[in-house]
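Asker: Could you build all of it, start to finish, from the sequences and the hints given here?
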Amino acid sequence: MAKDRLASALERWEAVIGLEIHTELTTLATKLFCGCPVEFGGQPNSRVCPICLGLPGSLPVPNQAAIEATVLAGLATHCEIAEWSQFHRKNYFYPDMPKNYQVSQYDAPFCTDGWVEIDIEGDGGPQRPDRDGAYTTRIGITRIHLEEDTGKMIHVGGAEGRISGATHSLADFNRAGTGLIELVTEPDIRTPEEARRFAQKLRLIWLSLGISDCNMEEGSMRVDANVSVRTRGESEFGVKAEVKNMNSFKALHDALAFEIVRQAEELESGGRVVQETRHWDAGAKITSSLRSKEEAHDYRYFPEPDMVPFEFTEEWIETLRAVLPELPDDKKKRLMTDYGIPAHDATVLTGEDLAMAEFFEAAVTIAGAERAKAISNVMLNDLSMHLNAAGISLAESKVVPSMVAELVALVEDGTISSKQAKEVFAEMAETGDSPGAIVELRGMKQVSDSGAIEEVVDRVLAASPDQVEAYRGGKTGLMGFFVGQVMREMGGQANPKVVNEVLAEKLR
Amino acid sequence: MIDLSRLSATQIRDGIVDKLFTAREVTDAAIERIGVLDRQIHAFNQVTKQLAYAAAERIDDAVASGLVLPALAGVPVAFKDNMYLTGTRTTCSSRMLENNESVYDCTAVHRLLEAGTIPLGKCNLDEFAFGSSTEYSAFGPTRNPWNPEAVPGGSSGGSAAAVSGGMVTLALGSDTGGSIRQPGSFTGVVALKPTYGRVSRYGCVAFASSLDQIGPLAKTVEECALALNAISGKDPMDATSVERPAEDFATGLAEGVAGLRVGVVTDFLEAEGCAPEVRDSILAATEVFASLGAEIGEVELPSTAYGLSAYYIIAPAEASSNLARFDGIRYGHRAEDAEDVIDMYMRSRSEGFGPEVLRRIMLGTYALSAGYYEAYYGQAQKARTLIKRDFASAFERFDVLLAPTSPTVAFGIGERMDDLLSMYLSDICTIPVNLAGNCAISVPSGLSPSTGLPIGLQIIGDHFAESTVLRAAAAFEAAIEFDPTPPLVQEIQYEATGERKRRGFRR
Chain A
180 MAKDRLASAL
190 ERWEAVIGLE
200 IHTELTTLAT
210 KLFCGCPVEF
220 GGQPNSRVCP
230 ICLGLPGSLP
240 VPNQAAIEAT
250 VLAGLATHCE
260 IAEWSQFHRK
270 NYFYPDMPKN
280 YQVSQYDAPF
290 CTDGWVEIDI
300 EGDGGPQRPD
310 RDGAYTTRIG
320 ITRIHLEEDT
330 GKMIHVGGAE
340 GRISGATHSL
350 ADFNRAGTGL
360 IELVTEPDIR
370 TPEEARRFAQ
380 KLRLIWLSLG
390 ISDCNMEEGS
400 MRVDANVSVR
410 TRGESEFGVK
420 AEVKNMNSFK
430 ALHDALAFEI
440 VRQAEELESG
450 GRVVQETRHW
460 DAGAKITSSL
470 RSKEEAHDYR
480 YFPEPDMVPF
490 EFTEEWIETL
500 RAVLPELPDD
510 KKKRLMTDYG
520 IPAHDATVLT
530 GEDLAMAEFF
540 EAAVTIAGAE
550 RAKAISNVML
560 NDLSMHLNAA
570 GISLAESKVV
580 PSMVAELVAL
590 VEDGTISSKQ
600 AKEVFAEMAE
610 TGDSPGAIVE
620 LRGMKQVSDS
630 GAIEEVVDRV
640 LAASPDQVEA
650 YRGGKTGLMG
660 FFVGQVMREM
670 GGQANPKVVN
680 EVLAEKLR
Chain B
508 MIDLSRLSAT
518 QIRDGIVDKL
528 FTAREVTDAA
538 IERIGVLDRQ
548 IHAFNQVTKQ
558 LAYAAAERID
568 DAVASGLVLP
578 ALAGVPVAFK
588 DNMYLTGTRT
598 TCSSRMLENN
608 ESVYDCTAVH
618 RLLEAGTIPL
628 GKCNLDEFAF
638 GSSTEYSAFG
648 PTRNPWNPEA
658 VPGGSSGGSA
668 AAVSGGMVTL
678 ALGSDTGGSI
688 RQPGSFTGVV
698 ALKPTYGRVS
708 RYGCVAFASS
718 LDQIGPLAKT
728 VEECALALNA
738 ISGKDPMDAT
748 SVERPAEDFA
758 TGLAEGVAGL
768 RVGVVTDFLE
778 AEGCAPEVRD
788 SILAATEVFA
798 SLGAEIGEVE
808 LPSTAYGLSA
818 YYIIAPAEAS
828 SNLARFDGIR
838 YGHRAEDAED
848 VIDMYMRSRS
858 EGFGPEVLRR
868 IMLGTYALSA
878 GYYEAYYGQA
888 QKARTLIKRD
898 FASAFERFDV
908 LLAPTSPTVA
918 FGIGERMDDL
928 LSMYLSDICT
938 IPVNLAGNCA
948 ISVPSGLSPS
958 TGLPIGLQII
968 GDHFAESTVL
978 RAAAAFEAAI
988 EFDPTPPLVQ
998 EIQYEATGER
1008 KRRGFRR
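Heads up: the sequence lines are chains A and B, in that order.
Residues in the first sequence are numbered consecutively from 180, following this note's numbering.
Residues in the second sequence are numbered consecutively from 508, following this note's numbering.
Source of the hints: derived by calculation from the structure; they are not laboratory data.
Beta carbons: idealized from backbone N, C-alpha and C, even for Gly.
Mixed in with the good hints, there may be bad ones.
[Said to hold, decoys possible] Reference listing, derived: stretches of chain A covered by chain B, where coverage requires no fewer than 3 residues with Cβ under 8 Å from a Cβ of chain B:
(1) 277–286
(2) 482–493
[What the hints assert, rightly or not] Chain B stretches covered by chain A per the calculated footprint, using a threshold of three residues with CB under 8 Å from any CB of chain A:
(3) 590–602
(4) 873–880
Answerer: Rendered as structure tokens:
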């Protein structure tokens, strides 16, 4: 998707996006209504019992930890917690659903009316012609409820495991009955970037709470989007499409970008958008129609009679609120106050991966708070670039906080230049060796001895009489040329500050 | 051979303890009797000889080792065939589950077996417990030991007939709208529906989850009390089962009813189709209570007029959802050569379910459909709330309420199959109790002068007031000295002992 097509579409059209995010409670020991363990993978149908298989006569018993996890999720997203709530049965037939109804929640979810704020930096700006550069926006949360997950179907004999053309299907109920929280946002999202940031932010909140591993590829966090477009200034919503099968944050962004452009261009060419479910194909980078909403199910919801309703007391809710961990927003504010780093730095450090802030604080503890900004710089630049280039997570990287702390100290005490620091970083990221060892081994110590530098400066100036004359004649821009010559002569090990000082003196 | 029909559960246990006979001999007697009677009665879907002898052996070993025997040691029991018991099929008397092997144990079944009982088998029922006569069994009807041309009631008709026929001493049934009490009434046995939440429902194939309750049938109140001791109590596997202080329901049975406040439910005596002889029998029972020192009054439960209507919305609605799992995918009947999964669902279900099941699934599905939910399910729930309030206010004035169990005695086989409303009406006095969640017992109050078939008195109690209900039932039982042995069984006994020639069954 060419970015300019999206930007151009968004100049004329306003996108309206709402997300439905399902998160499996993967950190719980057991499933929602039985004692089967929650794990990923394993032999098909090896983690099942009469209850999660929905055998006749079996009954669900709610897992208290799952209810607490849902309420924590609500508290962490500024939701109101219901005083009274219950499960409902959602009735529909599908072979991956053992009972042919899903125990879910309907008109009495545990959590309602919350919000999450997201920070949009840099490249999000152009997607919002009505916003100027970086901005913060609040996304409303309609509800969060708890339900049971389904099993999985494996279609055999068709192309790429798709159902069409399959000769038969196998059902694996290992996942069936795992606790699943569904969060529904208000239609407050306006750009693919906002959607991505929201999903990332939510993932960090869930990770902070420790309620899920939020692995989009394994499907423990699944994001579906409702998207429509309307002409700017219009207050009515357009006809929406529901987009599914977005297995990464990038896929979420790209699928929405594609869908906005598709709808905008459809409308501009005199066509119409139909209400339907569309499937994101990450390979072909397109969405395609999956099914039309006209065949919408009647789920025949009714209160689940196998369980009694829940009554949550204010005291109980407060005991949960009291155990809330530090959440990304609080962490960001604290990093700014405690370490004096700018908002941008704090946003990046707390915005994508919980491990970043942990790493930062560990490095600062070693190096000292006065080096916080220097550490943040290394992390936002060298470290981020390294992780992106290598396509790995911080946890997978060989770089540890003590290495960054040491590197920053080496620069600060003048042992190496910041240019050398970049080389050292590259090597330590590659080998996992400490910066000190690398500097030692490679003899990279910076020369700050002005005598040695003077010698080289004299040589360089003597070899470039024309440039010296030109400089003195007013072409002060040649300073960079001289510095470069000196540095090259000295194998990059000269302290650039001293070189500059000596050159300025000699050229005066 | 031991005459089981003349021995109570306590007498069996004591006889084994005192080494008058062994558990194996008790089991022999039960199996012998089933062999003689059940070809005619068809109370059993499956007789579990092996399980029975294994259990008997454990009891006899315990006797030999001098161990203290549990309360119901050696007592022959049977289970309605909608309760899971490993080593048996659980069929719900449906083609759908004809070959359904139990892979776990129902809590109530397990608890009753833990009390030392001998499992003789699984009893016939209306398919998935949908019915009032046991005629809707895919495996053929059960007959009433009092008259084989009459139904035993239902849906726990097999359990009731097994007890009535003296084939077992105790049986478990399940009661959603009267399915323990009404067959108890039709076969002249004592039948208890405990308070909703008193007994775990885990392992009993659900009909209507908010109404279902497992309970015992036996020839005496005391045996029902002993069975309730065994099966009641909070079960961590059933979130709707309730934690209650421990009670021994069998103590205090002889304390009498002097001063007990007894309310006669006038609405039920005047209920549609209430036979005069039933009405007379209940009024006579009221006199018995008065003569025993109870304080008698009348009570109206006006909202129970909506009971049948509300029930036939709520129960099918829940059933339509509970039975959705029978789709041929994981277990149960699967249609051959389906074109696709939808075709497989439709054909498997059409082939596997009988007419009454299909009818109730359609009824319930309709009642829950978008646009109809409020008009049907919503309204029915409101009626249910009003019925609960009626009972609650009645129990402010009374300790127990008296009513007929069923408006008539057992009807003839086939008689009501073409008249659904009359079939449904046979539960008109029991259904409101399920809707309100209260406990109630049916005790025989005498025989119908016209047919010689038993009439049942229903004694209804407040939530968790089983002790009071059992005490009232025991006092009444002692006062009227009803003989629960049906003529059919007497005849067969005479034949077995050669005292009298068999005369053929009453027609």
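Asker: Of the numbered hints stated previously, which ones are contradicted by the structure, given in increasing order?
Answerer: Result: no hint breaks.
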